[in-house]
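Participant: If you want the building blocks of each chain, they are given just below.
Number of protein chains: 2
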Amino acid sequence: MNETIVIVGLGLIGGSIAKALRGAGSCRVLGMDLDEDVLLDAISCGAIAEKAGVEDLKSADLVYLCLYPKEALEFAQKYGPLLKEGCVLTDTCGVKAEICAGLSSLQGTGKYVFVGGHPMAGKEHSGFAASDGGLFAGASYIVTPCGAPDWAVEKVLSYARRMGFGKFVTTTPERHDRAIAFTSQTPHVLACAYVMSPRCPEHHGFSAGSYRDVSRVADINSALWTRLFLMNRGALVEELDELTRNLGLFRDAVAAGDEPALRSLLEKARAIKTTQG
Amino acid sequence: MNETIVIVGLGLIGGSIAKALRGAGSCRVLGMDLDEDVLLDAISCGAIAEKAGVEDLKSADLVYLCLYPKEALEFAQKYGPLLKEGCVLTDTCGVKAEICAGLSSLQGTGKYVFVGGHPMAGKEHSGFAASDGGLFAGASYIVTPCGAPDWAVEKVLSYARRMGFGKFVTTTPERHDRAIAFTSQTPHVLACAYVMSPRCPEHHGFSAGSYRDVSRVADINSALWTRLFLMNRGALVEELDELTRNLGLFRDAVAAGDEPALRSLLEKARAIKTTQG
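For the record, the sequence lines run as chains P and F.
Residue numbering for the first sequence follows my numbering, starting at 115 and increasing by one per position.
Residue numbering for the second sequence follows my numbering, starting at 115 and increasing by one per position.
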């Protein structure tokens with residue numbers, strides 16, 4: 115089939131997609147990035163065949179927007195009308211309702227098909243230098259079709275399989291955002307709130323796996339996550355309130371020295387964890 | 115030197131100590147456990163040379179109490195008077211102030227020397243079957259001497275080195291307990307409170323490293339941790355209140371859509387994490 119794929123934005127995710135597709139064969143992967151050094155790096159390590167220009171966009175079969183949300187919308191507004199009929203435009207934004215609404219409505223200005231996407235993988239570090247072709251091994255690829263035809267959704271999923279993803283979920287932007295507020299955004303807020311304890315600087319020698327695991331993502335990309343959190347305000351606030359309420363149950367049982375209540379809370383949590391994994 | 119070591123309680127920690135000392139040579143490791151099957155398992159896999167009896171306690175050079183706090187105190191009360199002069203009795207309890215006060219005062223009833231200890235390693239699973247000679251590789255071994263002479267503290271640390279521990283901290287029970295409330299107890303409460311969200315059962319397909327890391331220790335030994343939490347009420351409640359306050363700062367910035375405030379909180383957290391590790 116020899117399709118042409120253009121990856122817009124060669125940061126951690128765009129770079130990792132390029133590298134993961136390197137071994138996939140039967141497609142030509144081109145890249146766009148504002149940073150010329152990144153483009154040279156990507157070419158020299160073989161992640162992309164070459165830099166994509168406007169003509170390449172016109173002939174692309176699949177375009178990945180690996181940009182911050184606002185920039186992704188601006189790109190689609192400017193270059194969407196150039197994409198050919200049958201081209202699939204997909205994004206990689208971690209919050210879907212707002213960006214899917216924007217990209218779905220922009221779709222009318224072009225002939226392409228939009229399929230929302232969220233490759234669920236990450237790292238504490240960002241940028242092309244941190245990208246890794248093995249980042250997606252076994253991870254979950256979520257698509258929000260937003261009315262796209264099956265063949266377009268299948269094209270996105272088929273490349274996700276080639277990149278090494280192991281789980282595939284099709285859902286609505288709203289369900290995605292509620293789930294992600296719990297699975298991803300809350301742990302990021304938690305990590306940041308946790309390390310703010312005055313005891314944090316004294317953790318050396320007193321910490322093991324628990325400290326490392328909870329604090330890991332506190333080394334956060336603040337620009338990106340500020341936007342992601344604010345794009346999902348309602349669901350995130352609900353989740354943080356839920357967590358605060360539940361923390362309060364434990365706190366009160368400990369403060370009261372209420373052994374049966376505390377033990378029953380711990381047993382409830384254990385039952386959930388062993389059932390849900 | 116060929117010292118005799120008795121490990122009392124062959125659960126996760128006692129079993130791992132026995133296995134970790136197996137390759138250390140020049141010591142004879144004996145075990146005590148209420149469960150005869152565990153003793154047979156420990157002998158048949160070579161973790162202990164044989165079951166320890168009262169006569170072995172009398173000739174022991176080093177005794178590890180790998181029991182729950184209450185049982186550790188009961189054991190010291192009953193068998194402490196039998197231990198010989200120069201024997202070092204140490205424990206492995208995760209909260210130190212209460213048990214060190216108890217074991218220090220019991221010391222007067224015998225000729226042994228007490229050194230508080232906390233091998234900082236664990237697993238979600240308990241019991242001898244989960245024990246592992248490699249559990250301590252690179253981990254932190256904390257001692258609370260509570261007035262013990264240097265040679266006794268050095269004996270405990272020297273065996274910790276043989277077990278593969280990589281960091282060694284000497285501190286007071288009170289400083290230990292404040293640090294541990296932050297590094298270990300709070301993450302355990304957090305994991306339990308986190309999985310209580312009504313969104314938890316829907317995490318499949320939407321979760322990656324963040325969910326896994328924060329929820330990991332929710333598969334908790336409720337009997338053990340109830341006791342550990344209640345032995346450290348003051349410090350733990352202070353830490354949970356601190357965390358709740360800090361979570362509230364993020365929650366309010368998100369709810370208000372206050373981008374500068376949210377970004378500055380994230381940057382503050384990132385600076386702490388990158389400085390403190």
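No lab work stands behind these hints: they were computed from the structure.
There may be inaccurate statements among the hints.
For identical chains, the list gives no copy identity; a pair is met inside one copy or between any two copies.
In silico BS3-like links for lysine-lysine, alpha-carbon gap of 30 Å or less [claimed, not checked]:
| id | residue 1 | residue 2 |
| --- | --- | --- |
| 1 | K237 | K172 |
| 2 | K237 | K281 |
| 3 | K198 | K237 |
| 4 | K172 | K198 |
| 5 | K382 | K192 |
| 6 | K269 | K198 |
| 7 | K382 | K165 |
| 8 | K382 | K225 |
| 9 | K382 | K184 |
Participant: Checking K237 and K172: alpha-carbon separation at most 30 Å within a copy, between copies, both or neither?
Facilitator: Intra 32 Å, inter 55 Å, cutoff 30 Å: neither.
Participant: Should K198 paired with K237 be assigned to within, between, both, or neither, using CA atoms and 30 Å as the limit?
Facilitator: The answer is neither: 34 Å in one copy and 55 Å across copies each exceed 30 Å.
Participant: Is it within, between, both, or neither for K172 and K198, if the alpha carbons may be no more than 30 Å apart?
Facilitator: within (6 Å within a copy, 87 Å between copies)
Participant: With 30 Å as the alpha-carbon cut-off, assign the pair K382 and K192 to within, between, both or neither.
Facilitator: Neither: 52 Å inside a chain and 36 Å across chains, both beyond 30 Å.
Participant: Quick one: K269 to K198, C-alpha cut-off 30 Å, is that within a copy, between copies, both, or neither?
Facilitator: within (16 Å within a copy, 76 Å between copies)
Participant: Cα distance capped at 30 Å. Does K382 pair with K225 within a copy, between copies, both, or neither?
Facilitator: neither (52 Å within a copy, 45 Å between copies)
Participant: Regarding K382 and K165, is the shortest C-alpha distance of 30 Å or less found within a copy, between copies, in both, or in neither?
Facilitator: neither (54 Å within a copy, 37 Å between copies)
Participant: If the cutoff is 30 Å on CA atoms, where do K237 and K281 land: within, between, both or neither? Let me know, please.
Facilitator: both (19 Å within a copy, 27 Å between copies)
Participant: Can you give me the call for K382 and K184, within, between, both or neither, at a CA distance of at most 30 Å?
Facilitator: Only across copies: K382 and K184 sit 24 Å apart there, 42 Å inside one copy, limit 30 Å.
Hints 1, 3, 5, 7 and 8, counting from the list given before, are not met by this structure.
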